[in-house]
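Working from the sequences, and respecting the hints, build out all of it.
Residue-level listing of the chains:
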Amino acid sequence: MTGLILRRLAAAVPLLLGVGTILFIVLHLAPGDPASLLVDPSETDASSAALLRERLGLAAPLPVQLVRWLGALARGDLGQSIAQARPVSQVLADALPETLLLASVSLVLLFALGLAIGLVAAAREGSLTDHVASLVSLTLYSVPSFWLALVLLLIFSDALRIFPSSQSVSLDHDLLSGAGRALDTARHLALPAIALALGGAGGVARHARAGLIEAKRSDHARTARAKGISETRILITHALRNALLPIVTLVGLYLPGLFGGAVLVETIFARPGLGRVLVTAILQRDYPVVLGASFFFALLVVVGSLVADVLYAAVDPRVREA
Amino acid sequence: MIPWLVRPPAGRALVAGLLLFLSCAKPPQEASAPPSDDVPEAARYGGTLVIGAEADADGIAPLGAYAVTGTDIMSRVFASLARTQEDMIHYGPEVAAAWDTSADGKTLTFHLRPDARWHDGAPITADDVVFTLDACRDPRVAWPHVRWLDHVAGVTALDSATVRFDFDAVYPYQVMDANVGRILPRHLLGGVAPESLRSAAYNRAPVGSGAFRFVEWRPQERIVLAANPTYFGGRPYLDRIVWKIIPDQTRLLEEVKNGSIDVYCKVPPHAVAELERDPALRVVRVPSRSYVFLGWQNTHPILRDRRVRRALSMAVDRKRIFDTLAYGLGTLTPGPIMPFQASYDSSAAPLAFDPAESRRLLAEAGFRDANGDGWLERDGKEFSLEMMTNANNELRKEIVVAVQQDLAKIGVRIVPAVAEWTTFVDRLNKKKFVTVCGGWSVSIKEDLSSVWHSRAIAGNNNNCSYSNAEADSLLDLAGTERDPGRRKALNLAVQRLLIDDAPVAFLFNLDDVHVFRTAVRDARPTTYSWAHNIERWYLAPDERRER
Numbered sequence: 001m002t003g004l005i006l007r008r009l010a011a012a013v014p015l016l017l018g019v020g021t022i023l024f025i026v027l028h029l030a031p032g033d034p035a036s037l038l039v040d041p042s043e044t045d046a047s048s049a050a051l052l053r054e055r056l057g058l059a060a061p062l063p064v065q066l067v068r069w070l071g072a073l074a075r076g077d078l079g080q081s082i083a084q085a086r087p088v089s090q091v092l093a094d095a096l097p098e099t100l101l102l103a104s105v106s107l108v109l110l111f112a113l114g115l116a117i118g119l120v121a122a123a124r125e126g127s128l129t130d131h132v133a134s135l136v137s138l139t140l141y142s143v144p145s146f147w148l149a150l151v152l153l154l155i156f157s158d159a160l161r162i163f164p165s166s167q168s169v170s171l172d173h174d175l176l177s178g179a180g181r182a183l184d185t186a187r188h189l190a191l192p193a194i195a196l197a198l199g200g201a202g203g204v205a206r207h208a209r210a211g212l213i214e215a216k217r218s219d220h221a222r223t224a225r226a227k228g229i230s231e232t233r234i235l236i237t238h239a240l241r242n243a244l245l246p247i248v249t250l251v252g253l254y255l256p257g258l259f260g261g262a263v264l265v266e267t268i269f270a271r272p273g274l275g276r277v278l279v280t281a282i283l284q285r286d287y288p289v290v291l292g293a294s295f296f297f298a299l300l301v302v303v304g305s306l307v308a309d310v311l312y313a314a315v316d317p318r319v320r321e322a
Numbered sequence: 001m002i003p004w005l006v007r008p009p010a011g012r013a014l015v016a017g018l019l020l021f022l023s024c025a026k027p028p029q030e031a032s033a034p035p036s037d038d039v040p041e042a043a044r045y046g047g048t049l050v051i052g053a054e055a056d057a058d059g060i061a062p063l064g065a066y067a068v069t070g071t072d073i074m075s076r077v078f079a080s081l082a083r084t085q086e087d088m089i090h091y092g093p094e095v096a097a098a099w100d101t102s103a104d105g106k107t108l109t110f111h112l113r114p115d116a117r118w119h120d121g122a123p124i125t126a127d128d129v130v131f132t133l134d135a136c137r138d139p140r141v142a143w144p145h146v147r148w149l150d151h152v153a154g155v156t157a158l159d160s161a162t163v164r165f166d167f168d169a170v171y172p173y174q175v176m177d178a179n180v181g182r183i184l185p186r187h188l189l190g191g192v193a194p195e196s197l198r199s200a201a202y203n204r205a206p207v208g209s210g211a212f213r214f215v216e217w218r219p220q221e222r223i224v225l226a227a228n229p230t231y232f233g234g235r236p237y238l239d240r241i242v243w244k245i246i247p248d249q250t251r252l253l254e255e256v257k258n259g260s261i262d263v264y265c266k267v268p269p270h271a272v273a274e275l276e277r278d279p280a281l282r283v284v285r286v287p288s289r290s291y292v293f294l295g296w297q298n299t300h301p302i303l304r305d306r307r308v309r310r311a312l313s314m315a316v317d318r319k320r321i322f323d324t325l326a327y328g329l330g331t332l333t334p335g336p337i338m339p340f341q342a343s344y345d346s347s348a349a350p351l352a353f354d355p356a357e358s359r360r361l362l363a364e365a366g367f368r369d370a371n372g373d374g375w376l377e378r379d380g381k382e383f384s385l386e387m388m389t390n391a392n393n394e395l396r397k398e399i400v401v402a403v404q405q406d407l408a409k410i411g412v413r414i415v416p417a418v419a420e421w422t423t424f425v426d427r428l429n430k431k432k433f434v435t436v437c438g439g440w441s442v443s444i445k446e447d448l449s450s451v452w453h454s455r456a457i458a459g460n461n462n463n464c465s466y467s468n469a470e471a472d473s474l475l476d477l478a479g480t481e482r483d484p485g486r487r488k489a490l491n492l493a494v495q496r497l498l499i500d501d502a503p504v505a506f507l508f509n510l511d512d513v514h515v516f517r518t519a520v521r522d523a524r525p526t527t528y529s530w531a532h533n534i535e536r537w538y539l540a541p542d543e544r545r546e547r
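Chains A and B, in that order, give the protein sequences. Each residue of the first sequence is one higher than the one before, starting from 1 at the first, in our numbering. Each residue of the second sequence is one higher than the one before, starting from 1 at the first, in our numbering.
I should point out that these hints are in silico values taken from the structure, not numbers from a laboratory. There is no bait here: all hints are sound.
List of simulated lysine to aspartate or glutamate pairs, DMTMM-like, C-alpha gap at most 25 Å:
hint, chain 1, residue 1, chain 2, residue 2
1, A, K216, A, E125
2, B, K445, B, D472
3, B, K445, B, D134
4, B, K430, A, E54
5, B, K266, B, E394
6, B, K445, B, D501
7, B, K445, B, E470
8, B, K431, A, E54
9, B, K266, A, D158
10, B, K432, A, E54
11, B, K266, B, E254
12, B, K257, A, D184
13, B, K257, A, D172
14, B, K257, A, D158
Structure representation (structure tokens):
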């Protein structure tokens, strides 16, 4: 197991370096520069923009800037945000907990809901329940999360007023009791987490149903059935464990989607987070923040798939021994 | 002497507050009458005001705030020597109780209030003012507005409560220039290296000097200020102000309608009619500083011809565009002089809408529809122009389509090109466009030469490369003219040339539309700032909520 983790970590280094270089080049190919946005065009002339560009290190040739950035990155220094004039690491550190909370709650919801739908469908294979479950999961799978977010907002926030429509806590959050604060946070988290989770849940449901039905038809399930064990118990104790194997690897596949979806969902629900940091920074051409945030997303995805591999090894002895 | 400016008689201190009502700006138009002023003074104190903002602040201290939200908040937290009055021309006392001008007009001496204090209790001194000006002009600080201080030759502390500004010229905007940098606390920032002043942690959690003090900043979520009870200008009525950051216009509109926020500034024009019908809301329109224009690149081989520029400009039905796309929210200004400016003349004749004349001018310039396909040609080439605008501005995109239809009627093909904002600015600054639908925010200083003088082609302002020797000499005269009447005449003569030469087609001046919950009382936005008198805003006592 340790060998596996070390091998994967070693492979991640050149991967992340490549990601960083490509990000850097693509970003600088886009026209425009942050210095011109920092000065008021109606009140200043080109010379102060030039001064600012010099100060921000944007005057140097691109390859020099790239080497400087990679060098600093190797030392763990992500540089200074141009628009916010503070270290990129601070900008990311402010936003990271919110995105991690949203993504992890969504991930749990996604798998819980997906497995539940899959289980119900597989238990009643071929019945009306199965068809309805399939329709629901296919619909969820096909609908983009930003659209779902808007519909949820319209129904549960604007019309029914059950959930707040924006931000991560209420304005009076700090005045609430401990339990009140937790409830407040949960209420604000509910809609974005659901919006982000539903699409993936549809996918997981379809995978789970297929895996469970296959496992139900396997030899060991038939043996169990011959011993007189109930269908429900066969499904839960015998089929589920086998069907989980491919689903666990989906964690690694869904993680990038969750972080990508967070970009939209955080903007729609006005939640602070890495996604919004990234969008704002792109519009401002805040190169260091865009690079830092994208790099961080890449890192999270690499770590996420590593976790998925480790999980896979944990449930499947064949991988562990290999 | 210039009677209409803050220029006190030599040797005598001036209480500029007296000049408060000499306004020359158009007063805000009220959609509904403001609530009657029946709340006694003592009952006005208290409550939290929630303001909706589309973007987070970049910083909230003078050297760190450059974007909208940041400068709005910074202006509440920091005091200046003198502060702008409602008309944006005159100045009233703030940290300085009074100031006087030397006989030669080149020196201003400010007398600081002895009771002016920083939020930590330290006195605000002349040393702070000197420190601020030194910091703003230090190249190591790289303050982007440093050119505003070009005419300030020196700043000297005469004693702890008296500071002298020396100018290299006599001109009307001396008080304005002496106040471009809000005063910084030397006792807190004196030890910070100049290179680090713009990125100092202070810029995100400042100890200020204004009517409100900083409480909390949750990045991308909210910024909270509280009343400064010992503010030397008098404690403001509001207890707290919260800027709630919601990066989506639709959500902002929803929240002001349901009362989650009390104020939403600069609402999109399409939403105004609906907001005006809501009895819980008060909509206030103020002429903005900006106008929308169609820019012709004056160096382009086809557009170099004045007849062609006039023809294109005269074929655009700007009245129809204004009424249908901008919902009539603004003023059909004839040229680049805005209604809030002293030189504005509403009777100046604009370039008339006259498609027949357009056709005649284009024929004169050699354009014919030789192949009968409905589009004009010259030398076998179809008359087709690209028109650029920026993606994040719905109004401009709609205008480009309307212009496309108008110009198609005279046989000119417009090809819309939508650029993302940063790309748009870049192409504009590098003059890499043929035609553009853009906007221009006019400086408070009446200075047409910064945009229209041929000298400005080298910079980022004269993007359409307008060059006219007669305009140049008139602009040079206006820049040194001290008599306001003669200056206005010179400015209007330049505007006349600009309308006739049509380097751009001037469309209209937009209004800023702000919406307030009716619980918010006495808010009087100006062209310069929606928060102009926020210290005197209060919340109706029965509509205050704990939050």
